[in-house]
Amino acid sequence: MSFGGFLDSSAGGRLVGNYIGFPYSGIIAKDDPSAINIPSGATAHQPPIVSPSSLTKSMFNSPGLSLALQTGIEGHGDLTQLGDGNFDAPPTGGGMMNRRSRDALDQEHDSRSGSDNLDGTASGDDLDAADKPPRKKRYHRHTPQQIQELEALFKECPHPDEKQRLELSKRLCLETRQVKFWFQNRRTQMKTQIERHENSILRQENDKLRGENMSLREAMRNPICTNCGGPAIIGEISLEEQHLRIENVRLKDELDRVCAIAGKFLGRPITSMGGLMPPQLPNSSLELGVGGNGFDGLGPFPDFGAIGGVAGSLPVIPPARSAAGIPGFDCSMEKSMLLELALAAMDELVKLAQIDEPLWVRTLEGGREVLNHEEYLRTFTSCIGVKPSGFVSEASRETGMVIINSLALVETLMDASRWAEMFPCLIARTSTIDVIYSGMGGTRNGALHLMHAELQVLSPLVPVREVNFLRFCKQHAEGVWAVVDVSIDAIRETPSGPTTFVSCRRLPSGCVVQDMPSGYSKVTWVEHAEYDESQIHQLYRPLISSSLGFGARRWVATLQRQCQCLAILMSSSVPSHDQTAITLSGRRSMLKLAQRMTANFCTGVCASTVHKWNKLGPDVAGDEGVQVMTRKSLDDPGEPSGIVLSAATSVWLPVPPHRLFDFLRDEQLRSEWDILSNGSPMQEMSHIAKGPDHGNCVSLLRARAMSSNQSSMLILQETSTDASGSLVVYAPVDIPAMHLVMNGGDSAYVALLPSGFAIVPDGGPVPGAVNGGPSQRGGGSLLTVAFQILVNSLPTAKLTVESVDTVKNLISCTIQKIKAALQCDS
DNA sequence: GTTCTAATCCCTA
DNA sequence: TAGGGATTAGAAC
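Position 260 of the first sequence, counting from 1, maps to 260 under this note's numbering, and the rest follow consecutively.
Since the hints were made in silico from the structure, they are not lab data.
Heads up, a few of these hints could be off.
Stated by the list, open to error - No farther apart than 25 Å at their CA atoms in a straight line, the calculated lysine-lysine pairs in the DSS-like style are these: (1) Lys-615 / Lys-632; (2) Lys-351 / Lys-387; (3) Lys-615 / Lys-387; (4) Lys-632 / Lys-612; (5) Lys-208 / Lys-170; (6) Lys-808 / Lys-632; (7) Lys-592 / Lys-612; (8) Lys-351 / Lys-612.
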């Protein structure tokens, strides 16, 4: 059945309106039997009886439509009676007439002036009739003729201007305000009808999906391999199960949407998505894009339109490059899948952060928490599928107080560049690929980002971990937020293409942050990953497997240290113990310059892609375990232009990390390893503390000049230390440029190339004598030495073997000197 | 009890 | 001040 109106089942099959786009045309009069159906309750020989109201409605429906007659109406429907029959018709079926006195009715009738159809309340007769009983009746209906005219104009113009309304009111003997109200109500009615229509389409869609789901479930009971026709193996079933789970969530979301629309009609929002659902739907359901009118994918929650087109097929995971910009099914499908993954990950993160034993077990030595994998597998269903063969797991949890509030931390985490700035030694590079949901009501609650990151420990012996992941942010309570990351390589291709080899998967990881008094917050960090251990040098395997490399402790310790520094940077007084009077803005400029220096140092240690480093093969670089890379520096005011060479290596030293750190940062002992010191102790010109630990500071060192006619050289040095490791980064700087910075000038134009050291604990017994020495029962250090040197100021110049050899000699010489000074060169 | 409809109130641009 | 959303209340079903 095709029709222009809507059959409202709850109204007993009455035709209640007209769908937009179907013209109102024709009038069904009582002498037009072709337009009238005999209702089931009437017999064929009985003449059709048309009630005033049903006739009124029938006049605005398309010709040929079925008109459902109301069987309970008595015959007072003669058209000739309709004009003035509204009030005086005898009571039918116990309506209002029973409640009103005859007198009152008479008064009403008498008081009517001019038109029978004018509203009584607007009549002057009523206003001054104080002695009369108050008018109970303000209601009447316009005559069919009037409505016909009104509808005709509405069809032409749903929004008539005052002139048109005035003209119509004169013609129909109605007040202009009555005409105005009529149009207003008609527009509202039209809107409601459209919304209802869309609602019913959604319901149908939902039912259809439910049916599909049921049949899929049925198919699941007897899985058959599509290739051979035999019983499906377990792996396939689990994949199907995964698809079904995803499909179910999609259905649930669909239902939520219908509920939300239904809630709109009920006058209150009905949501079952928890924090994800906005409190209210958009004002107009037209924005939902239902009914094949387009799916913009920009709404506050997933679109699920037009999915009937793939009925009967399993949801195929689309190889979408981006969730945005893909219209219709693919986009909404992918978004809902990503959302499901994010929600599951969030659930897992919160549980991992909250539950102690038996999920987490404390080790006897060091009190570190270790994930009980059996319990983990019992508690959670894997979000991202089974662990690839050859991968090992790494899980850690750490809680700490951090001087930052939850909102600021959430903002930092949800902004890729700020996130990278906060963890320069951990993040080589990161970017936001796609903002799937930006959050609700201007907050980050419900924000879902697709991100790419290269994570690093500062050593050429540990490859960067390239991960594509979802980052989902949720507010759990006032002042309590959680941000979860989860790899998505398992369910979609990486932006760089399907062939990218994944060497690391992040299982639900992230942090739960809770505001505490005095600007602090309690941060519980969980890091859970699976990685290919074979790519990691043996020297670093204990460190990585004990979660000291990429683990929660490192994230929390770095966060604490960085936030301390930020707190000092933001405070009005930057403590310094220097011999020169540097202004406040000068200190801030210096800290900013040091921050850039350290960040550049970090990006030069590992072969991350942030700079286009060319890694030299062993034929050029040699096989002494030194990684040599080159790049061209052009048009960057922050560093000298030319060919930059980076050389880095890592060694094991039987010295505790703190001792190594104290030795390397001491300007008095610098001459023992630094050729720039010219064999003499250096002098600390300026010292800016970045936190309570003396090891966290920025200082300006001066080396003694080689000869009397040579000016002395300045070295900018930044040292950082926390529970997870330490850094000593330095760079020779131009004296006039530093003067500028110390006076608060812009540090962006100070050219520097950083060198330095990264120190981490060895993480336990280090296997076999590779590059470092005999294996020991832990307690030693892993030291990374890295130099970035300008080998030629002409970017077009070729790199010479001599340059490479010089740098390699410099590195091995430095390491030998350090070993000798610490008496561990045996 | 539900739906339709004319009218009213109140808010906003 | 016009227009629209929310609401009211009589009438119809």
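Hint by hint, which ones does the structure fall short of? 3, 5 and 8
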